[in-house]
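Novice: Sequence:
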Amino acid sequence: MILLQVQQLSKYYGAELILSNIKLEVQSGDRIALVGRNGAGKSTLLKIIAGQLSHEEGAIMKPKDVTIGYLAQDTGLESDLSIWDEMNSVFDHLREMEQKLRSLEADMANPDIYNDPTRYNQVMTAYDQLQNEFKEAGGYQYEADLRSILHGFRFHDYDYGTLISTLSGGQKTRLALAKLLLTKPDILILDEPTNHLDIDTLSWLEHYLQGYSGAILIVSHDRYFLDKTVNQVYEVSRHKIRKFTGNYSKYLTQKAEQFEREMKQYEKQQEEATKLEDFIQRNIARASTTKRAQSRRKQLDRMEMMARPDGDEKPPGMLFDINRQSGNEVLNIDQVAIGYNGEKIGTDLSFSVTRGDSIALVGPNGAGKSTLLKSIIGVLPLIGGRIGHGAGVEIGYYDQEQSHLNRAKTVLAELWDDYPGTPEKEIRSILGTFLFSGDDVLKPVAALSGGEKARLALAKLTMQKANFLILDEPTNHLDLDSKEVLENALIDYPGTLLFVSHDRYFINRIATKVIELDKEGVTVYLGDYDYYVEKKNEQEELAALETVQSVVKTAKPAAADSYKTDKEQRKKDRQKARRIEEIETEIAAYEEKITEVEELLCLPEIYEDHEKSLSLQQQLDNANNAIEQLMDEWEQWQSK
Numbered sequence: 001m002i003l004l005q006v007q008q009l010s011k012y013y014g015a016e017l018i019l020s021n022i023k024l025e026v027q028s029g030d031r032i033a034l035v036g037r038n039g040a041g042k043s044t045l046l047k048i049i050a051g052q053l054s055h056e057e058g059a060i061m062k063p064k065d066v067t068i069g070y071l072a073q074d075t076g077l078e079s080d081l082s083i084w085d086e087m088n089s090v091f092d093h094l095r096e097m098e099q100k101l102r103s104l105e106a107d108m109a110n111p112d113i114y115n116d117p118t119r120y121n122q123v124m125t126a127y128d129q130l131q132n133e134f135k136e137a138g139g140y141q142y143e144a145d146l147r148s149i150l151h152g153f154r155f156h157d158y159d160y161g162t163l164i165s166t167l168s169g170g171q172k173t174r175l176a177l178a179k180l181l182l183t184k185p186d187i188l189i190l191d192e193p194t195n196h197l198d199i200d201t202l203s204w205l206e207h208y209l210q211g212y213s214g215a216i217l218i219v220s221h222d223r224y225f226l227d228k229t230v231n232q233v234y235e236v237s238r239h240k241i242r243k244f245t246g247n248y249s250k251y252l253t254q255k256a257e258q259f260e261r262e263m264k265q266y267e268k269q270q271e272e273a274t275k276l277e278d279f280i281q282r283n284i285a286r287a288s289t290t291k292r293a294q295s296r297r298k299q300l301d302r303m304e305m306m307a308r309p310d311g312d313e314k315p316p317g318m319l320f321d322i323n324r325q326s327g328n329e330v331l332n333i334d335q336v337a338i339g340y341n342g343e344k345i346g347t348d349l350s351f352s353v354t355r356g357d358s359i360a361l362v363g364p365n366g367a368g369k370s371t372l373l374k375s376i377i378g379v380l381p382l383i384g385g386r387i388g389h390g391a392g393v394e395i396g397y398y399d400q401e402q403s404h405l406n407r408a409k410t411v412l413a414e415l416w417d418d419y420p421g422t423p424e425k426e427i428r429s430i431l432g433t434f435l436f437s438g439d440d441v442l443k444p445v446a447a448l449s450g451g452e453k454a455r456l457a458l459a460k461l462t463m464q465k466a467n468f469l470i471l472d473e474p475t476n477h478l479d480l481d482s483k484e485v486l487e488n489a490l491i492d493y494p495g496t497l498l499f500v501s502h503d504r505y506f507i508n509r510i511a512t513k514v515i516e517l518d519k520e521g522v523t524v525y526l527g528d529y530d531y532y533v534e535k536k537n538e539q540e541e542l543a544a545l546e547t548v549q550s551v552v553k554t555a556k557p558a559a560a561d562s563y564k565t566d567k568e569q570r571k572k573d574r575q576k577a578r579r580i581e582e583i584e585t586e587i588a589a590y591e592e593k594i595t596e597v598e599e600l601l602c603l604p605e606i607y608e609d610h611e612k613s614l615s616l617q618q619q620l621d622n623a624n625n626a627i628e629q630l631m632d633e634w635e636q637w638q639s640k
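Sequential numbering from 1 applies to the sequence shown in the UniProt record's numbering.
Treat the hints as calculated values from the structure; they're not laboratory data.
Do not take every clue at face value.
What the hints assert, rightly or not - The calculated SDA-like cross-link candidates involving lysine to any residue, where the alpha carbons are at most 20 Å apart (straight line), are:
1. Lys172 <-> Asp159
2. Lys243 <-> Asn21
3. Lys572 <-> Ala588
4. Lys374 <-> Pro423
5. Lys264 <-> Gly246
6. Lys47 <-> Ser89
7. Lys184 <-> Asp159
8. Lys250 <-> Glu235
9. Lys536 <-> Leu202
10. Lys275 <-> Lys255
11. Lys255 <-> Arg308
12. Lys250 <-> Lys275
Whole structure, please, built from the sequences with the hints as guidance.
Specialist: Now the structure itself:
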């Protein structure tokens, strides 16, 4: 069933064209990803489909009863209610139905209604109809759904009476997504839903969306997430849109194959046109060949020339270098306790960082990953323990909030003021590699998008040339191409890395060690993300095996004591099985007898003979009675 169609849609911001001739179709069960560069118009298209933005040309068509749920990126849930009350408000219509059911039940319990058959039938009919509607709408499971989703978004440790207004921005964003999922719209539109989600929550969300009953339209820069959740990819590039079938990995393959195929066709046509033009130039002036030359010219004029296929848009350029090497020991964390405002988040944290390490710091939201990074660079004071820096260590820090950027400055001034001795031409050249060209460098920082601020912060980091980079969620707000460039730059980086990220693909490419931070402290895994997952699974399997072995050991004495009882029970079970088998054999024999008698009763010489037919009817009745008795006995044995 077609849920929504976008036909020849175009969108302008002033005189600037954003989207042109966009065609998109959403059918039941579709899982669609919108991909493309930052600024390509993905979020704009989502807002237009959701009805939050207008468009200049084209049409959006959908049936009236199709519902759309939309969540913009970094949208926090603002409410004065508690977590439970706000989430529960989604089901107000179900509670109203429940109250009507209770009212009808009270009517049914009224003795007076039995004296009025018409009224009684009306109440019963209304009750049956409303009960079916209540059941179909999930009335008997909505509280279980609510608890399941809150658990999935890691709110199971919270008091559900907590006021939403007291929560952090990331927690409000997760609650906004949780509330939208509870509404279960026919078309679920999500713009960067993976921001502010830790790895465990991401895995839960992937599993939930795989089983979602409606269609999904999603923008995300998480490659693992897209591979797990989508079956179609629409690429928005150069104001246009193209459709690919499959997940994100298949899209990349198809896109490369399509470009290669189109380039071959283009080159072949160019070669053919060149040959025709050459023939025309050599033969048009000769009387003997001018007709053939004119014929070739007509052939060339009729040829519909292909445009050169567009390659990938220019990605940002990144190069991280160092001024000098640090000593072998870069960082030593010893029995550290972290927190802020006097509240402890993590205690007894100990690990070391050696030159050349590339360490991913992972763990659930709230475990203190960002707090630990800020404690390492001295922004937050330690509650306990000691942090030691090695000789010659120069730290470069990337803040996921970009709080160190001055909103009042222009892009050019933000970079140049930190390095006033660098010529303007060189500053502009560096900004150009990060896709700030022309008048873009004169934009105020306050007017930049999240992706542009991220690129500016990374540009400042490359100029610092520190030998120890500490990165807090560096891939947030970056598009997929920019992520790949950042990955390659960090792989080639000659210094030391310590970073926090929930992008599993990024961790897998960059990390040589994974350090898991939780309430118990830290655990070090000497490998990439795949190795970390493998070891975690092994630990869970071992823990499950130990639990089973413990249960078996506990059960053995009881099993020995009950051996005699079990032996007697097995004897009774064999007797029961034999008797059931005997009954089934006897029933089969009687059924064959019934079949024979019924066939005889159909013969003319039998049903015309009163005595014979009476005798056979008696046999038939006896056989049916016998089967009835045997069936009663069979049911008794089965119930035992």
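Novice: For every hint, state whether the structure bears it out.
Specialist: Consistency of the hints with the structure:
Between the alpha carbons of Lys172 and Asp159 the distance comes to roughly 15 Å, so the proposed pair stays at or under 20 Å and holds. For the hint pairing Lys243 with Asn21, the CA-to-CA distance comes to about 13 Å; that is within 20 Å, so the pair holds. Distance restraint check for Lys572 and Ala588: the Cα-Cα separation of roughly 24 Å exceeds the 20 Å cut-off, and the hinted pair is therefore not satisfied. At roughly 32 Å between alpha-carbon atoms, Lys374 and Pro423 are farther apart than 20 Å, so this suggested pair is violated.
Only pairs whose Cα atoms come within 20 Å are accepted, and Lys264 paired with Gly246 is rejected, the gap being roughly 24 Å. Using a Cα cut-off of 20 Å, the hinted pair Lys47 and Ser89 is violated, with the two alpha carbons roughly 25 Å apart. For a cut-off of 20 Å, the pair hint linking Lys184 to Asp159 is broken: about 25 Å separates their Cα positions. Between the alpha carbons of Lys250 and Glu235 the distance comes to roughly 13 Å, so the proposed pair stays at or under 20 Å and holds.
In summary, the hint linking Lys536 to Leu202 is supported, as the alpha carbons are separated by about 16 Å, within the 20 Å threshold. For the given pair, Lys275 sits about 30 Å from Lys255 by alpha-carbon distance, which is inconsistent with the 20 Å threshold. Note on Lys255 and Arg308: the hinted pairing holds, with a Cα-Cα distance of about 15 Å set against a maximum of 20 Å. Pair hint Lys250 plus Lys275 does not hold up; C-alpha atoms about 38 Å apart against a cutoff of 20 Å.
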